[in-house]
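Asks: Sequence:
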Amino acid sequence: CLAVYGGMADGKPGRVSDEQEPRQIRRHYFPDRSKLLEPAHELAFIIDLLSIVFFHIFFVYVGVTRLWNTNTSNLYTLFLLFRGKKYNVLRERVDAHPFDLEQLLLGAVFLALFVFLLPTVFVFYVCFMLLWLAVLLIQLGLWTVIMFFNRFPLYALVLSVTDIYSLPSGVTVNLMPLQSS
161 CLAVYGGMAD
171 GKPGRVSDEQ
181 EPRQIRRHYF
191 PDRSKLLEPA
201 HELAFIIDLL
211 SIVFFHIFFV
221 YVGVTRLWNT
231 NTSNLYTLFL
241 LFRGKKYNVL
251 RERVDAHPFD
261 LEQLLLGAVF
271 LALFVFLLPT
281 VFVFYVCFML
291 LWLAVLLIQL
301 GLWTVIMFFN
311 RFPLYALVLS
321 VTDIYSLPSG
331 VTVNLMPLQS
341 S
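Counting the sequence shown from 1 gives a position; our numbering is that position plus 160.
It should be emphasised that the hints constitute simulated quantities derived from the structure, not laboratory data.
From a predicted model like this one, the values you see are computed outputs, not experimental measurements.
For each residue, glycine too, the CB sits at the ideal point set by N, CA and C.
Among these hints, one or two may not hold up.
Simulated restraints, written as ranges between beta carbons of each label pair [as the list claims (entries may be wrong)]:
#, residue 1, residue 2, range
1, 215, 242, 36 to 44 Å
2, 205, 319, 23 to 31 Å
3, 219, 277, 19 to 27 Å
Make a model of the complete structure from these sequences and hints.
Replies: Below, the structure is given as structure tokens:
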């Protein structure tokens, strides 16, 4: 980066003279970033930065989502347990199964545990889902602005306002009288 942009103090490539102030040397070695990046690139950088900054929200959201899915699937399994049924993995169907008293008692303990944890897990799920949805909506808005910058013909619009004859404006057909020879 320094080899490409360095030494452009007088508009010519080469070394920066020693008579210049250190602040001026630093300014010429590191050019202004607004000249290097377009708004679309800067917005894409902001989107990536948002993804990095809010990664912990995504991480917790994924964890709470898995906890919510596990909780609901366990409640379904316990519902089947108390009905005297069991999901057969090999045949992918629900079969009847006689459970022992110990299994039903253990199922009642787990049912109480999962039912009492269900509201807490639900609140965490909704909270982190809304937080992650807000981050995604901000990123979607920025992506929409990027698409606008990439698709909007700004150069042609400015050129048509400043110099109307610089852009082709169509084809004109003039009727000429037929000459007989």
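Asks: Confirm or reject each hint.
Replies: Hint check results:
At about 41 Å, the CB distance of residue 215 to residue 242 agrees with the hint of 36 to 44 Å. In this structure the hint that residue 205 and residue 319 lie 23 to 31 Å apart at CB holds, the actual value being about 28 Å. Here the CB-CB span from residue 219 to residue 277 is close to 21 Å, well matched to the stated 19 to 27 Å.
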